[in-house]
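Participant: Single-letter residue listing:
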Amino acid sequence: GQNIDQPTEMTATEGAIVQINCTYQTSGFNGLFWYQQHAGEAPTFLSYNVLDGLEEKGRFSSFLSRSKGYSYLLLKELQMKDSASYLCAVRAYGGSQGNLIFGKGTKLSVKP
Amino acid sequence: GAGVSQSPRYKVAKRGQDVALRCDPISGHVSLFWYQQALGQGPEFLTYFQNEAQLDKSGLPSDRFFAERPEGSVSTLKIQRTQQEDSAVYLCASSLGSGANYGYTFGSGTRLTVV
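Order-wise, the sequence lines are chains Z and R. Those letters in the first sequence? Residues 1 to 112, per the working numbering, in order. Those letters in the second sequence? Residues 1001 to 1115, per the working numbering, in order.
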């Protein structure tokens, strides 16, 4: 079956660094996505990893290890507006079956 | 349009009523996905279209759920004889293609409440 695990909730302080982990077991792998979702809003794309290693984009970085079935999202210099749910999603198949399999999401609360 | 547009934004239906949810994808986007998101959960895949062809409907929870995209642009998700367990946010996403590098853009969703 398909399984994606991430912590349910995390709390961090404004200005700090937080790492949100994601482990996955899927039948096939064709990329891992991180999305941010504020309450009542659409998920918005943060990052995409298909090869092992670190992808950096401003305050956000994402890491992937395919052999370990593991990814993390690193958020630096946390701001209050970063309070949101962070969704890890795996694209298990290529070609026409491009749907994403999502984890349950990690609700991040940033406190002053 | 500039983004994926979904309507209505909110829908309250009485149990047993039929509902139709609309998705307007980004112009030119070939791929279109429907997801169901229960409160506090991640989105769950329902169905996938490539242009007008429905290539995967394995996530539709029952035969009460039906989706179409007759002209390869606007899509409608129809739920017949709604039940309370259908209450959720229904998200639509579109993508320029189906290859690995194409990003997915989500709409804001339709929040369906069945009473």
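No lab work stands behind these hints, which were simulated from the structure alone. A couple of the hints might just be wrong.
Derived lysine-lysine pairs resembling BS3-like cross-links, with alpha carbons at most 27 Å apart [claimed, not checked]:
1) Z:Lys104 <-> Z:Lys68
2) Z:Lys81 <-> Z:Lys107
3) Z:Lys104 <-> R:Lys1078
4) Z:Lys81 <-> Z:Lys68
5) R:Lys1057 <-> Z:Lys104
6) R:Lys1011 <-> Z:Lys104
7) Z:Lys57 <-> Z:Lys81
8) Z:Lys107 <-> R:Lys1078
9) Z:Lys111 <-> Z:Lys81
10) R:Lys1078 <-> R:Lys1057
11) Z:Lys68 <-> Z:Lys111
12) Z:Lys68 <-> Z:Lys107
Participant: Indicate, hint by hint, whether the structure satisfies it.
Facilitator: Now the hints, each set against the structure:
1. Straight-line distance between C-alpha atoms of Lys104 (chain Z) and Lys68 (chain Z) comes to about 20 Å, which keeps the hinted pair within the 27 Å bound.
2. Straight-line distance between C-alpha atoms of Lys81 (chain Z) and Lys107 (chain Z) comes to about 13 Å, which keeps the hinted pair within the 27 Å bound.
3. For the given pair, Lys104 (chain Z) sits about 25 Å from Lys1078 (chain R) by alpha-carbon distance, which is consistent with the 27 Å threshold.
4. Using a Cα cut-off of 27 Å, the hinted pair Lys81 (chain Z) and Lys68 (chain Z) is violated, with the two alpha carbons roughly 31 Å apart.
5. Under the criterion of a C-alpha separation no larger than 27 Å, the hint pairing Lys1057 (chain R) with Lys104 (chain Z) is consistent with the structure, at around 21 Å.
6. Distance hint between Lys1011 (chain R) and Lys104 (chain Z) is fulfilled; the C-alpha atoms sit about 24 Å from each other, no more than 27 Å.
7. A hinted pair counts as satisfied when its Cα atoms are at most 27 Å apart, and Lys57 (chain Z) with Lys81 (chain Z) qualifies at roughly 17 Å.
8. At roughly 31 Å between alpha-carbon atoms, Lys107 (chain Z) and Lys1078 (chain R) are farther apart than 27 Å, so this suggested pair is violated.
9. For the hint linking Lys111 (chain Z) to Lys81 (chain Z), the alpha-carbon distance of about 10 Å falls within 27 Å, and the restraint holds.
10. At most 27 Å may separate the alpha-carbon atoms for a hinted pair to count; Lys1078 (chain R) and Lys1057 (chain R) meet this at roughly 13 Å.
11. Under the criterion of a C-alpha separation no larger than 27 Å, the hint pairing Lys68 (chain Z) with Lys111 (chain Z) is inconsistent with the structure, at around 32 Å.
12. Simply put, Lys68 (chain Z) and Lys107 (chain Z) have alpha-carbon atoms about 24 Å apart, close enough for the 27 Å limit, and the pair holds.
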